[in-house]
Structure formats: structure tokens, C-alpha cells
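A.B. asks: Dock chain D against the given chain L, drawing on the hints supplied.
Residue numbers (my numbering), protein chains in the order written: chain L, 17 to 239; chain D, 77 to 295.
FYI, nobody ran anything at the bench for these hints, they're computed from the structure.
All figures in this text were calculated on a predicted structure; none of them were measured in a lab.
Among the hints, erroneous ones may be present.
Covered stretches of chain D (in silico footprint by chain L; criterion: 3 or more residues with CB under 8 Å from a CB of chain L, positions within the stretch not fixed) [what the hints assert, rightly or not]:
#: 1; segment: 185–195
#: 2; segment: 207–214
#: 3; segment: 219–227
With a Cα cut of at most 27 Å, we get these calculated DSS-like pairs of lysine-lysine [stated by the list, open to error]:
#: 4; chain 1: L; residue 1: Lys174; chain 2: D; residue 2: Lys142
#: 5; chain 1: D; residue 1: Lys145; chain 2: L; residue 2: Lys174
#: 6; chain 1: D; residue 1: Lys145; chain 2: D; residue 2: Lys291
#: 7; chain 1: D; residue 1: Lys291; chain 2: L; residue 2: Lys174
#: 8; chain 1: D; residue 1: Lys281; chain 2: D; residue 2: Lys291
#: 9; chain 1: L; residue 1: Lys174; chain 2: L; residue 2: Lys94
#: 10; chain 1: D; residue 1: Lys281; chain 2: L; residue 2: Lys174
#: 11; chain 1: D; residue 1: Lys291; chain 2: D; residue 2: Lys89
#: 12; chain 1: D; residue 1: Lys281; chain 2: D; residue 2: Lys78
#: 13; chain 1: D; residue 1: Lys142; chain 2: D; residue 2: Lys291
#: 14; chain 1: D; residue 1: Lys142; chain 2: L; residue 2: Lys94
#: 15; chain 1: L; residue 1: Lys22; chain 2: L; residue 2: Lys94
Ideal placement from N, C-alpha and C gives every residue a C-beta, glycine not left out.
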Amino acid sequence: MSFWHKVVVITWKDTLSEMRTREIVFSVLVFTLLVIVTFNFAFGASQEMMALVAPGILWVTFAFAGVLSLNRSFIMEKEEGCLEGLMVCPISREVIYVGKMLGSLLFMLIIEVIALPIFAFLFNLEVLSPQLVVITVLTTIGFVAVGTLFSALAVNTKAREMVLPILFLPIVVPLIICAVKASGLALSGESWGGLSSWLQIIGAFDAIFLVVSFFIFAFVIEE
Amino acid sequence: MKRKILLGVSALKMVASLYLVFLYVPTEEAMGIVQRIFYFHVPVAWVAFLAFFIVFLGSILYLWKKDSKWDVIASSSAEVGVVFATLLLITGSIWAKPIWGVWWTWEPRLTTALVLWLIYIAYLIVRSFATEESRGARFAAVVGIVGFIDVPIVALAITLWRTQHPGPVIFQGGLTPPMLLTLLICISAFTTLYLLLLMQRISMKNDEIEIRRLKELCR
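This is chain L alone, in the form it adopts within the complex:
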């Protein structure tokens, strides 16, 4: 079996398990909606104010939703002893990393695809621009690249779910800054040129951390 074939098997396993239980997507989706609504109450009602804070609310929401979904992904493995099962399989640790990462990416994208139109509806904004889609996809890749690594680390500690946000949020600060800035520009109709420096940073972050996490993952899940 080739590398990508094995990766797809793991991603498919996660997807199948998710399709049957719908654990991650439903709960995280509801959480996302609730956070958006709560932020709405927090920031008051004027239309200009909402246009200003909208990108920030969007990305804080996605960051928290990402933490939740990444946590669930590895906790499930830990509970049923599946992680040991995976490690005993004749596959390299990197296959596990890429497989889990693609699974988390898929779930986050599904959540974002559903959340964005609702966000547009509640905030009265145009979100279906190609710019915003690209920003969202690139940033999500960055989230899951680092998040999969840290989530595997977090489930092996005493505090479990609590550790992931402490590790994850400082590290993805550049992603959040650039995504919020770029989203704000995209929502006000800016073309690709104005977004380029932000997208470059997001792209660089993705490339660097995909590679770094790929190589370090083995150290995290070894006993």
C-alpha cells in the first residue's frame, strides 16, 4: 500500500465514525452558532460596529470550534485504545499524522461551510467571495497542521482537554491576526492585491508547520 493509500484509510475511518455518530460536527456546529450569537450580545447593536467586529468574531469562533473538534478527534482514539491499535499497525507515524490531520481538516471545513452563510445572514454581510473562501481554507489548514500535533500531545497529559487551548492559541496567533485582517479587507471588497501580504504569512505558516509537525509527530505519540 502506498503512503497516500494508507492515509486515506485513516481519514476514511474517522469520516465513517463521524458519519455514524455525528459527534463532532453537530456539537461543534451548535457551539459555533451559540458563540456567534453570544458575541452579538456582547458587542451591541449598531450596524457599523458589527461590520467592524465581524471578522474578529468569526475567527475567534472558528478558533474555539477548532480546539473543540481537534480535542474530540484524539480523545475518541484514546478512549477505545485505538491509538495503540494504530501504532501497532504496519504504518509509519507520519501516516497517522496526515490521516488524522486530513480528517480534522474535513470536519472543520464542513463546519465552516455551514457556519459562514449563517454568519452572513446574522451579520448582514457578503461572505461568499472567493477571497474569503481562500482565506478560510488556508487558515484552517494551518489550524489543523499544528492542532493535530498538539491534540495528540494533549490527550496524553493529566489535564487532557484543558492543555490544548493553552498550547494551541499562542502558537496560532499569527494565523488569527492575518485571518482577521484579511477577512476584514475581503468583506469590504478588497481585491487580491491588498490581501497578498496577509495570505503570504498564512501560507508560510502552513508550509512551515506542516513540515515541522510531520517530523515531530512521532515523538509525541511514542510511549
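C.D. replies: Leaving out everything else, chain D in the frame of chain L:
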């Protein structure tokens, strides 16, 4: 013996720094007396980043060679480094209040310092929350490596973000020779202090490991 010499040298440099900062160097014209905190703030910042670099090197070497002495170096450096990072934030705030009128501002350097501090904290928390020592060491090494690689990206993103809203300027003009001399002596003094504290902590950790080993033998 080496550490006693280092202690002496460090004390000497610190006294020299105090003399230079408070008695020798002339008062800067724009900011007045408060500017003298610059001579503590910059060395502390330099040491905080140097310490994190040592954490990074120690983490890589630990994961690669699997020799626990690298982990001892990395974790000791992180503990000393977090103190300097805290001092960085405190001296930054103390300087900011009279000059800019606020305790805190989301200005690039301060914000990057804050994120550095948070990553240090994450490193230390991961160690204490692990189920066993060796796992804690490995996890912390991972955080050290990822964190250090992340810091330049954080600095870049924050600087780009903040130049859209220009903040207050730190300094007009360059450094006159007396100021430069004072700054260099202070940097040297703080670096020596860092090395002293690092060696002290490493020696303590080695003693802790030795004690644990002896306890196991006595069971």
C-alpha cells in the same frame, strides 16, 4: 569553583552597570530620567530571547540524541527565561506608563513579548501536566521547538498588523557613545547573570535526578 568565579564576575558587572546607568550616562533629552530603564529593558529582552533559543537547541538535541542532559539544559533555560520574559513585560509597562500614558499598548514589540511569555508558560505547564517525567520532557521539547519556530512568524504578523495603525515611537535619534557603552555593559552583565542562573539550575536539576535515583535504589 567555576560558578563562584562566575558569581563574582556577574556581581562586578552588575555593580558596574548600576554605576553607568545611574551616575555616568547623561539623561536623554526627549524622555528624561525614565529613559534609563532602557538599559535594563533591552538586556532583559535579549536574554529572554537567548534563553528561548537555548530551549530550542536543547529540545532538538534531546529529541535527537535522547540524552536527558539536553532536557535538563532546555528546562533550566526555560525556567530562567520565563523570569526574564516576565521582567521584560514589567519593565516595558513601567516604561510605557510615563512615556505613553498607558500601562499597556498592543504595540509590536510588547505584543510579541507577551506571546513569547505565553509560549514559555505553555512549555512549563506541559511538563507538569504529563503523566510521567520522560513523556513530560518529550512533550516540552516539542513545544520548545514549535514555539521557537513560531516566534519570528508571530513578530512578523504583529508588526504587519500594527504598522497599519502606527504606534508611539520608541526613540528619536541614535545612541551617543556613552549610551552605547552603558547598553553594552548592561547586556554583558545580564547575559552573565543568565549563565550563572542557568548553571545553578542545571546543577540543582542534576542533584534532583541523583536524589531520585538514590531513592529508587533504597526501596
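A.B. asks: Which of the listed hints are broken here?
C.D. replies: Hint 11 alone not satisfied by this model.
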